[in-house]
Amino acid sequence: MPETNGAPKIGVYVCHCGVNIAAKVNVSEVVEFAQKLPFVTVAREYKFMCSDPGQELIQQDLREGKVNRVVVASCSPLMHEATFRRATAEGGQNPFFFQMANIREHVSWVTEDERDATEKAKALIAAAVRRVAVHQPLERKRVPVHPHVLVVGAGIAGIEAALKIADAGKKVYLVEREPTIGGHMAKFDKTFPTLDCAACILTPKMTQVRAHPNIELLTYSEVESVEPYDLRNFKVRIRRKARYVNEDTCTGCGLCADVCPVTVPSEFDEGLGTRKAIYRPFPQAVPNVFTISRRGTPPCQAACSIHQNAQGYITLIAQGKFKEALEVILRDNPLPSICGRICTHPCTLNCTRATVDEPLNIPGLKRFVTDLFPDYKLPQPKANRSERIAIVGSGPAGLMCAYELRQRGYWPTIYEAQPVPGGMLALGIPAFRLPRDVITKEINRLKEIGIEIKTNTPLGKAITLEQLRKHYAAVFIGIGAHVERKLKIPGEDLPNVWGGIEFLRRVNLEGPFKLGEKVLVIGGGNSAIDAARTALRCGAKEVTIVYRRTRAEMPADPKEIAAAEEEGVTMIFLAAPKTILGSKETGVTGLECLRMKLGAPDASGRPAPEPIPGSEFVLSCDAIIATIGQVPDIASLGEQLGIETTKWGTFKVDGVTLETNVPGVFAGGDCVTGPDVVVNAMYAGKKAAISIDRYLNKLDMRAGRELEGPYRTEYAIDTSGTPVQKQIPMPAIELGRRRTFDEVHTGYTQELAIAEAKRCLDCAICCDCRLCSTVCEPKAINYEMKDKIEEIVVGAIILATGFKTFDPRRAPYTGYGRYDNVLTALEFERMVNSAGPTGGKILLKNGKEPKSIGIIHCVGSRDKRFNPYCSRVCCMYSLKFAHLVKERTKAEVYNFYIDLRAFGKGYEEFYNRVLSEGARLIRGNIGEVTDVALSPEEEGKLIIRVEDTLAGVVRRIPVDMVILATGLEPQADAEEVRRKFSISCSKEGWFLERHPKLAPVSTFTDGVFIAGTCQGPKDIPDAVAQAGAAAAEALALIDRGFVELEPNTAFIQEELCSGCKTCIPLCPFNAISFTSEKGIAVINEALCKGCGTCVAACPSGAAQQHLFTDEQIYEEIEGVLSYV
Amino acid sequence: MNSTVKEYTYYPGCSVRTTAKHYEESLLRVFDALGLKLYELEDWNCCGATLCSSVSRLTSYALSARNLSRAERQGRDLVAPCSACYLALNKTKDYLAHDEEVRQKVGRALAAVGLKYTGGVRVRHPLEVIITDVGLEEIKKRVKRPLEGFKVASYYGCQTTRPYKEFDDPFYPETLDKLMAALGAEVVDWSLKTRCCGGSVTGLVEEVGLRLNYILLNEAHKRGANVIATTCPLCQFNLDCYQSKIIKRYDLGFSVPVVFFTQLLGLALGMSEKELGFARVMVPMQPLLRSLIGGEPIRA
Amino acid sequence: MSNDWEPKIVAFFCTWCTYTAADLAGISRMTYAPNGRIVRVMCSGRIDPQFVLKAFADGADGVLIGGCHPGDCHYQAGNYKALRRYTLLKRVLTEMGIEPERLRLEWISASEGDRVQKVMNEMAEQVRRLGPLHLEKASRRAQVKEKEREAVGVRS
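Protein chains in written order, with the numbering used here: chain A, 74 to 1197; chain B, -1 to 298; chain C, 40 to 195.
You may find that some hints are simply not true.
Lysine to any residue pairs mimicking SDA-like chemistry, simulated, CA-CA at most 20 Å apart [as the list claims (entries may be wrong)]:
1. K4(B) <-> L134(B)
2. K129(C) <-> H173(C)
3. K176(B) <-> L134(B)
4. K1053(A) <-> H108(C)
5. K937(A) <-> L134(B)
6. K394(A) <-> L328(A)
7. K1014(A) <-> I213(B)
8. K937(A) <-> R160(B)
9. K1053(A) <-> R130(C)
10. K1060(A) <-> R130(C)
11. K176(B) <-> P885(A)
12. K138(B) <-> T428(A)
13. K937(A) <-> D92(B)
14. K937(A) <-> I213(B)
15. K799(A) <-> G147(B)
16. K93(C) <-> T428(A)
17. K1014(A) <-> K103(B)
18. K157(C) <-> K1014(A)
19. K308(A) <-> D111(C)
20. K214(A) <-> A1109(A)
21. K93(C) <-> R130(C)
22. K176(C) <-> T133(C)
Keep in mind the hints are simulated off the structure, nothing from the lab.
No experiment lies behind these values; they were computed from the predicted model shown.
Next comes chain A alone, as it looks inside the complex:
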């Protein structure tokens, strides 16, 4: 190692630090020891080395040439290294000819025994001496600091910091996750001890922020990530959450909130008041714009194959906005009065309310609306186009397809084989469930918007596919599945053995006819139930359903099953038909059945029925209806049409587009899926329509269709405390009339409908009814808005992310959540706030004014079970509450405290003032709040059991209202946030300052500062003061415009580098690259942050780190070990 400033002449300076070191370390002995160490020319001791005279000692020795390298044994280098380097420099030497021995934090303060302490001090000094002997002169590098500052969190601290910096003429980005700035302070009424109103002092600052040219306010936004932009600046990505309201155009007029049908508890009012789904937290909010709370598609809508917006029209019904409800319904469904009656409603199966009691009767509510407006019209198509489309089959699939196409401007013509349109709707479903006129009306509505329907025109007979393809731009085939499955048992062809559909079709087309006295219906599906109930209405005396599984496995809708039984249909389970008895002459006389038992689950997931051998038994009857499903059976037709079919006899189509092998010919519904429910047929029709539209516009038929059709959404919705309120049954005609074809259910009355609708839990909050957009004049509402990511570069960051309050549910002894009139401090703040839910009146749940109030201190604070620390503000705000109660009511006030902490300017005076106002204070940690009255005067009160530690007695104090002085806690996501900004947290989770006294707003990450309660509990004055300090720190940094970096970067000794590239992937900052011409690694100093990881990995020792060379560390190791 070439000497750089002549042979080392080392000065060792041992600090007493008053008694901090001297009391444990025998300083003079240490000095004596140091004198003898190699290269040491001077060794001195002094009371305070960091003081000017102390530093002067060093400088003098340097100037006089007594020493050229310096070791100071005192406190931690994190404390005073900078100081002594400066001293060394001023003494005329390179500041890095200096090394520090930490004999305070690491020795005197942590060692019991004086002997041990002294020895340890010697060892550390020995190490420092050996190290400094091989130090080399170094130059500090300057890097520019970006002049912009990011402030995270816009409570009072964030606001203050932002304003200070902005006023200094620097650009500030102020990020707040809530829709408005103001933080907790905005919720307060008065502020202690001066009692000035929070709003009066805060709102002016808030408007300043809004108006300030240097502040870019990003509300409803969160910091996504923080990355190093270069050596000293930060690249920050910010998520601008979608507000669904354009901040720049919204005028804050509030018309939208007036029409919004969704009411939810107001977060700002701590749940004491309510707000709308489109809301502004409070009138003075900044920015003064609205925000929509949207969770996205609600479960009901997601589960629906055609995504009918159930929550939308239900919410509107609950508000009595029936016309609007109808509009929402017609948005996605042209057959609502049909669906309202016979849809199998997958929506209800996914209804969140079911987790509380029962799902809503969603179809019932839809039906209610359509019944209310019997003559409603379908929306007219927006555009008109020339193309005509042929649709074969007028079932739900065909009708839906036609409607969707018409809405897109095309001209559909529907060809129907049967004499009446409607497909299965008209043929398979009996009138007492779906009156014919309902069908006719729906179909006429479709005709009214220009859809043509040709009945008695079967495909393949009356018309050919060729003709259709020739005359129409595209063809959709939805001919359903009408061919009955056979029982495949003997006697099936006897007279008076009917297929379910065959039977229903005949009744539907030709009217009821008597088919027998004792009718057996085989099967367990909806059509079995329909057949059975129809049979009853056709005059059968006895109707019995025979099913091979049990009730639990019946696919039919439980409500329908129940209805059938009401009407007198009986059921025989676990029985399967074996032979139909009878003859041509006698007709059917009976059915021989086999007893079944349930076995292992089959493909359908249901237990497979297995016959019990020899268990035959006979049921007598004179008619049998077999409803065991249908098949399309269009194999032959398909052949004739040239359309590929599957082995199940259904059309073969593309799963996404529903296109058949014949271009331009699409198919959907039962003829593709086999027998399925109405809503799925409609889904197929819609799907096909979308495909056809794209087909005709030569667009990609597949792109972006993932979310068509049903899917599941689940919301973590807190349903706790939702009172059980079962579904309201829909009125029905009395049993006596259930032998006619009159519709069984008569539908909800307005009152019932509204009551039922009110059961909705508003899963998605915003119900997407879009009323707000109809009243918004500036057209500021945009439902398509998406989250945006913004990227900024800043040189300094101030975190002012605040606190959350302790949740007293964690402390059941307080009775919070169980008793009315037990409030948290914040809830009470809102209550006493003149702009709050009670307009500043202090009221009990029953609206009366309390006669006595108990305020319980230290809830969640100073308590091993929760938080050991003191929250610092509770005593004072509790006294404030006591004052406000005294000021506004005649109530007695009791404060229950452990210790009263009235530190700070004017606090003690305030405490005395509140005492003089007659507030009572009882010293004692309360045992519990209970509602158990032990005497008449305790009846109906909340009793606080407490040990009065001054009087030494246990008291029971009955009060009307209890206020919990809930303590302060770190934000729930503090850990996540501190990681993002790579700073540390204290054990409790508060952000950790660099030094508790001397660097209270700095962190261990240069350029990141903290202010306000995110650093620890504190009151408003302290938070504001800290914000100022943080602003000053940030300003000092960016105003200078550069920082000098510790010259501890790594470097490569070229002659030693073998070019093995080991180091290159190790560098997290990509500072190392490989030069092929030299065949060695080079380190880009501008990128190196000086961790030394590459150095430790270098096999040849070519990589070294300034200030931490191998040699220097070896010396240090030998040093500490040479003398222990």
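Knowing the structure of chain A, use the given hints to seat chains B and C on it.
Frame of chain A; chains B and C shown alone:
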């Protein structure tokens, strides 16, 4: 719950063999029905609770420690139905784990009879076992006779959740309430769930005990309870056996039957009143049973 | 202490977390065993396995490595590198006949002064139990092992 049978070592304690027979009767049947197998701890001895602990703490620890060490050999969790035992065993575990002196002295005592305890036993209350190892969902499925009309005040007493809040909140526990709700009963919300029943004091300074129990009964009644479900033999004894006295002394216009939670559970699972030992209860349960579930109940 | 031997422990602490924690321990006056001698590095990733070996060679009876908790590294991943080297190093030490328990790695964040106290005490205890490190004894142990291996025909 998976169908595999779960196994436990069973520590009856003295009460369930004397004053609280109906606790054990119902407990064993219910556990059996739920596929929870109990193996009684061989040669078990007094848990050392109550009297003993006030005379000599060490003795009571030693007594419990003996039970623990024997149980440890079995390598299963130890189920203790009596909350006094439950507490005594847990307390001993605690002291053996954290109090060096106790550990050494008790260790020597055990060694003297060739036993040792290394802290490997988990002591569990049957209520917690049912809730965790069977689960409410499974229970719901198994309910044959929902307890409709039963208005139950759940009473945990002081020892089940205090001081060792092993499975529920020490001041406002809810496990038992949830169980009762799962059985179809209407749960009465009251705040005396863990309030003192007088314990053994009731036997010594009667008027104190009577007043404490009066407060409990009165409150339960006021909240509309028509039955009190307990988890503790002593609580059941105090509330049940002293009730007639309390009725006289405070001329209560009513009486409330006090039963073990396992009895109600058994009832819901479809077991007969006889099996569940309802006859042993002083304040007759029959009127309630008749009015709510009518004639002779169905058999399991 | 009956005999006057005291373990010598070298502690390599990263400046951001563990060294700061050690300062915090001091500020909070948490006394602990005096055996540890702290050598400050910028990052635990700087700790060259040779530092550890050198420490043992120069008479340390134990070595302690302190870095930031996973995910907290001031330089993103230095502590992970340290962890890898540490794991390997333990194997090497065993090969050399040095009890791996003489080396310990701890994640200690800037706020965990009490952990520094705890770890320093535990380490001192640990090493005291192991007794002084005699390298020649160690190497003998190592040779024996080697022999045994050759005997069963395994090459290290």
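Against the structure, the hints come out as follows:
For the hint pairing K4(B) with L134(B), the CA-to-CA distance comes to about 16 Å; that is within 20 Å, so the pair holds. For the proposed pair K129(C) and H173(C), the alpha carbon gap of about 17 Å is at most 20 Å, so the pair holds. A distance of roughly 8 Å separates the Cα atoms of K176(B) and L134(B); the hinted pair therefore holds under the 20 Å criterion. Straight-line distance between C-alpha atoms of K1053(A) and H108(C) comes to about 15 Å, which keeps the hinted pair within the 20 Å bound.
At most 20 Å may separate the alpha-carbon atoms for a hinted pair to count; K937(A) and L134(B) exceed this at roughly 32 Å. Using a Cα cut-off of 20 Å, the hinted pair K394(A) and L328(A) holds, with the two alpha carbons roughly 16 Å apart. A C-alpha spacing of about 16 Å is found between K1014(A) and I213(B), which places the hinted pair at or below 20 Å, so the restraint holds. Simply put, K937(A) and R160(B) have alpha-carbon atoms about 16 Å apart, close enough for the 20 Å limit, and the pair holds.
Taking the CA atoms of K1053(A) and R130(C), the gap is near 35 Å; set against the 20 Å cutoff, the hint is violated. Between the alpha carbons of K1060(A) and R130(C) the distance comes to roughly 34 Å, so the proposed pair goes past 20 Å and is violated. For the hint linking K176(B) to P885(A), the alpha-carbon distance of about 17 Å falls within 20 Å, and the restraint holds. A C-alpha spacing of about 15 Å is found between K138(B) and T428(A), which places the hinted pair at or below 20 Å, so the restraint holds.
With a CA separation close to 19 Å, the supplied pair K937(A) and D92(B) stays within the 20 Å bound. Of the pairs offered as hints, the one joining K937(A) and I213(B) is violated, with about 31 Å between alpha carbons and a cut-off of 20 Å exceeded. Pair hint K799(A) plus G147(B) holds up; C-alpha atoms about 18 Å apart against a cutoff of 20 Å. Of the supplied pair hints, the one linking K93(C) and T428(A) is violated, its CA atoms being roughly 66 Å apart against a limit of 20 Å.
Between K1014(A) and K103(B) the CA atoms are separated by roughly 51 Å; this puts the pair beyond 20 Å, and the hint is violated. Of the pairs offered as hints, the one joining K157(C) and K1014(A) is violated, with about 51 Å between alpha carbons and a cut-off of 20 Å exceeded. For the hint linking K308(A) to D111(C), the alpha-carbon distance of about 19 Å falls within 20 Å, and the restraint holds. With a C-alpha separation of about 18 Å, the suggested pair K214(A) and A1109(A) falls inside the 20 Å cut-off, and the hint holds.
Taking the CA atoms of K93(C) and R130(C), the gap is about 16 Å. The hint holds against a cut of 20 Å. Of the supplied pair hints, the one linking K176(C) and T133(C) holds, its CA atoms being roughly 13 Å apart against a limit of 20 Å.
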